Amino acid sequence: MDYLYTIVILVGLYVVLASSFNLVIGYGGLISIAHPIFYAIGAYGSAILARDYGVPIYAAMIIGALIAVAASVLVALPSLRVSGDYLLIASIGFQLGLLEVFKNVSWTGGAGGLTNIPAALIGNTGREGYVLLVVVVAVLSVLLVRAIAHGPYGRALSAMRDDEVAFAALGRNAVALKVGTFALGSGLAGFAGALYAHYFRFLAPEQFEILQSSVILTMVVVGGLRTTWGPVVGAVLLQALPQAITFMNLPPSLLGPLQGLLFTGLVLVFMAVRPQGLVGAGELWSGSKKEVRDGVRP
Amino acid sequence: MLSFDIVAQILWTSFATSSYFVLFALAFALVLKVNRVFNFAQAAMMIASFYAAYSVVALAEGPGWLGFLAALAASVGMALVIELAGFRMLRKRRAAQMFVFIFTLIVSELVAYLAMLIYGTWPSTIFPSLFWPVTLVGPIAISAWDIPAVAVMVACVAALFLFLRFAKVGQFMVAVADNPDLAELYGIAKERIYLATMIAAGVLVAIGMFLYGTRAQVQPTTSIDLMLFAIAATIIGGIGNLWGAAITAVVLGIVQNSSVLFIPSEWQGFLLYVFLFVAIVFLPNGIRLPRRRRMVRKTIIPGFETADAKEA
Numbered sequence: 000m001d002y003l004y005t006i007v008i009l010v011g012l013y014v015v016l017a018s019s020f021n022l023v024i025g026y027g028g029l030i031s032i033a034h035p036i037f038y039a040i041g042a043y044g045s046a047i048l049a050r051d052y053g054v055p056i057y058a059a060m061i062i063g064a065l066i067a068v069a070a071s072v073l074v075a076l077p078s079l080r081v082s083g084d085y086l087l088i089a090s091i092g093f094q095l096g097l098l099e100v101f102k103n104v105s106w107t108g109g110a111g112g113l114t115n116i117p118a119a120l121i122g123n124t125g126r127e128g129y130v131l132l133v134v135v136v137a138v139l140s141v142l143l144v145r146a147i148a149h150g151p152y153g154r155a156l157s158a159m160r161d162d163e164v165a166f167a168a169l170g171r172n173a174v175a176l177k178v179g180t181f182a183l184g185s186g187l188a189g190f191a192g193a194l195y196a197h198y199f200r201f202l203a204p205e206q207f208e209i210l211q212s213s214v215i216l217t218m219v220v221v222g223g224l225r226t227t228w229g230p231v232v233g234a235v236l237l238q239a240l241p242q243a244i245t246f247m248n249l250p251p252s253l254l255g256p257l258q259g260l261l262f263t264g265l266v267l268v269f270m271a272v273r274p275q276g277l278v279g280a281g282e283l284w285s286g287s288k289k290e291v292r293d294g295v296r297p
Numbered sequence: 000m001l002s003f004d005i006v007a008q009i010l011w012t013s014f015a016t017s018s019y020f021v022l023f024a025l026a027f028a029l030v031l032k033v034n035r036v037f038n039f040a041q042a043a044m045m046i047a048s049f050y051a052a053y054s055v056v057a058l059a060e061g062p063g064w065l066g067f068l069a070a071l072a073a074s075v076g077m078a079l080v081i082e083l084a085g086f087r088m089l090r091k092r093r094a095a096q097m098f099v100f101i102f103t104l105i106v107s108e109l110v111a112y113l114a115m116l117i118y119g120t121w122p123s124t125i126f127p128s129l130f131w132p133v134t135l136v137g138p139i140a141i142s143a144w145d146i147p148a149v150a151v152m153v154a155c156v157a158a159l160f161l162f163l164r165f166a167k168v169g170q171f172m173v174a175v176a177d178n179p180d181l182a183e184l185y186g187i188a189k190e191r192i193y194l195a196t197m198i199a200a201g202v203l204v205a206i207g208m209f210l211y212g213t214r215a216q217v218q219p220t221t222s223i224d225l226m227l228f229a230i231a232a233t234i235i236g237g238i239g240n241l242w243g244a245a246i247t248a249v250v251l252g253i254v255q256n257s258s259v260l261f262i263p264s265e266w267q268g269f270l271l272y273v274f275l276f277v278a279i280v281f282l283p284n285g286i287r288l289p290r291r292r293r294m295v296r297k298t299i300i301p302g303f304e305t306a307d308a309k310e311a
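Just so you know, the protein sequences line up as chains B and U, in that order. 165 is the number that numbering that gives the first Met the number 0 gives to position 166 of the first sequence; each next residue is one higher, with no gaps. 125 is the number that numbering that gives the first Met the number 0 gives to position 126 of the second sequence; each next residue is one higher, with no gaps.
Read the hints as simulated data drawn from the structure, not as lab findings. Don't take each hint at face value.
Said to hold, decoys possible - Where chain B lies over chain U, by a calculated footprint (3+ residues, C-beta under 8 Å): (1) 92-101; (2) 106-117; (3) 259-269; (4) 274-281.
What you are looking at is a predicted structure, and each value in this text was computed from that prediction instead of being measured. Glycine included, C-beta positions come from ideal geometry on N, C-alpha and C.
I would like the entire structure built from these sequences, with the hints used as guidance.
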């Protein structure tokens, strides 16, 4: 039963991660693959606050998410001021650089990892209560992203994505909208990280490396970018597939690369054959009007 | 206590090791200038070229020159696949920039995972030993690797300069980089030029990776760090400025290697990310040196005086 709970919790957390990443990369059109670092910031922030400073666990989780929000603003603001392209480079640099810090400082447990993280319990409900909490957070995240994407904020995002110059000409602040979207997506990822930390109670820098980036990206691209249910389908499907590989009893040295190959290979296959993903969202491939007008090509 | 000898030694070693950084930065900057793509798939070319050389020299015990040819073939082959099966398809579909980014990143990761599956994650080198015989020139120890590496780097930079200046394809590259549609109107087949640019980048990457693999240990993920270094050099050097990227690569290489004098060695890798962040936040348009005012002889045509002339 514990195994099943673990799977449900992982699926729930990946639904939060994939949906929030979809908000950033899909609806926001912000190119970044550094989502796992905000997941890590939430996880480490909450774990350290609860373990070393005695902050109540649920307060620590919220603070962890807020730290992720602050970090995302720190990355997004200077890079988006220049160009959207730079966000990708800045965020990769931020992800790998911060992981390097996590590996080298003692208060994060270094490369060996952070242990003895206090477990989050909901009264006397045991693991079932925590599973329910994660499922509720996952559902709320999907609904939140859906409400944002289909509301006035989402329409503003769509307008900005389509033609940023026209959007700015109407007096709207594109940078603020982008930074806000990036911060919101990162905050959700940070909260997912906090939930992860207090269930699995062990964190290590390699859990948040580039492999995680391709896992989350695969979930969104395979499920369907810019759709509500695509990332959910992607998260469920791509959490189930690696379990099948796990049952093959392969050594860990083969398992990691094989999972990585599976994820990256699936992204390439879907990009070539079905770019709209399993839950299609129409004309995704076309560049924005600005890109077409300016003749920007790959 | 720092002595002149120690500083001179570190500076020399740093300069010599920056030779491959220059080649990676030039390859990245060239593709960005002509093809207008942030080619993160350059990491895939690096992995392919290193493991091709490693397979021939370290595993099959072949000669070094054969290993280099294998690296060249693998890197150029990978460049061709990326251009023909990837970029060309994306251009035809008028894909948004986001998909191009995703494509290049995913290709890099796919090739890294493939290398992990085949070769494992242990660090490897092309030759069994990384130690090269050393000659003392005054107080500085110069290894047998240093001079050929620097010579190869200088030769490559000179060859690229001459190629872009005097070769027909090189001139077409400059034209396409300047204005692809206008270049096409003048009869330049831009698709061929994009392909030629990728091949040129493939050659630079193969040479750089062969140098790197004979000097340092390589893992499948090493290439991502090397690529980030190239990106930092390209941005600080000024996007579109190949020679700026090359000079910046030398400077960054020296700064990173000399950092052992000031910070613990385990933080040396972290400096790369600091460069990257500083480049984006403070130097998004690169370092621009003040231009010399040119002496221009003005011919004033009656009725077409400029504002300056009128004021005068």
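Comparing the hints with the structure gives:
no., hint, in the structure
1, 92-101, "holds (count 10)"
2, 106-117, "holds (count 8)"
3, 259-269, "holds (count 4)"
4, 274-281, "holds (count 4)"
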